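> For the sequence shown, numbering that gives the first Met the number 0 gives the first residue as 0, with consecutive numbering after it.
Since the hints were derived computationally from the structure, they do not count as laboratory data. Incorrect hints may appear among the rest.
To be verified - Taking lysine to any residue and the SDA-like style, the derived pairs with C-alpha atoms no more than 20 Å apart in a straight line are:
id	residue 1	residue 2
1	Lys28	Asn395
2	Lys28	Lys264
3	Lys28	Leu378
4	Lys178	Leu9
5	Lys264	Arg396
6	Lys28	Trp387
7	Lys87	Ile381
8	Lys87	Leu378
9	Lys178	Pro12
10	Lys28	Arg271
11	Lys28	Glu400
Remember, predicted model here, so these are calculated numbers, not experimental data.
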Amino acid sequence: MVRALGELILHRPSSGSFVSYSREFMGEKGAYVGGWLYFLNWSTTGIADITAIALYIHYWDMFSDIPQWVLALIALAVVLAFNLISVKIFGEMEFWFAIIKVAALVVFMVIGIALLVTGQDVGGHDSGVHLLVSEGGFFPAGVLPVVLVMQGVIFAYSAVEMVGVTSGETANPEKVMPKAINSIMWRIGLFYVGSVLLLAMVVPYTVFEAGQSPFVTVLSELGVPAAGDVMNLVVLTAAMSSLNSGLYTTGRILRSMSMAGSAPKFTSVMSRSQVPYGGILLTCAVCVLGVGLNYVLPAEAFEIVINFAAIGVIGTWSMIMLSHLMFYRQAQAGRVRRPSYQLFGSPFTEIVTLAFFGAIVVMMWFDEIGRYTIMALPLIVIAMVVGWFCVRGRVNRIAAEREAAGTAAD
């Protein structure tokens, strides 16, 4: 998927990213669907973030008596305030959040490798490669549970498509973007897959539990004073960073959609400090519903929202693959030229990838909470269809004005 997006970026760099490509290859309806699926993704991810923040704060006993929904509301209010002040504040926050996250992962991986090399006991357990095959091996409860959590894996990889948003502001995208896209792969392999492997080899999987970061669990098992507290603070900042990025991104995506006529007019409003506060506030309104979910179903809130977020991610990634498939067909017909940086195996790669995404949606039916998510899909489709009929007149009028002026939508 990332490779397909990379080829589209080099075809025509645009800060509108996949929404812009959906418009180019599938028309205004495609841009409308792609944009609102992305909003669904990040608004529900925002709910997951405030839920995670509340759970992480409950790690400390001094906050255990504060209701989960109260902590979620406070987290939302704090990050919203920073987003509304200025873009500079957002940049400063993300700069420090990124340093904290990367530094913590590097330190953890060094500790994990040292534990494996020395064979040190961790919380009464012998660390080592043997843990990968002990206690039932890779599939201790069978293959089905592994298959059913695939939507969680999809959710974990979300945001890789954000690389496309930067392309419109990159000085030399033909040179910079291929390197940036290729680096995504090795970074995922090193920091994500590498850290997960270390977690699996340091302590048995039976030690980990829901509601607590596995990194916190490992460092707590080591018995090093305050190590678990420090790592819990790190994962807390990671969740804050995700929420911060989500509000930033949706605010700008909604403004772009509003300028094209497919989102409410108020979402295009900018503050004096050039913050699209209309779109940010709309996203926060959805997140407030998540605060209510944390009040009614605190134990199930996180799993519920990551299922909905996964639907948004799958929808977004599917739009990217469909756009690339249409792009490939136009290239075969000689209407456009493919750049040197290409997705291999077209059109079969797109078809197989789309089939994989569809299979994940089908598998969600076999999970109890995932089943409710699938049952809610018709409501989402109906809402989007009704919304399209409400905005299509404005969308077509703006598109006609844009065509007459000879300008392209971003």
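> Just pull the numbers of the violated hints for me, sorted ascending.
Those not satisfied are hints 7, 8 and 10.
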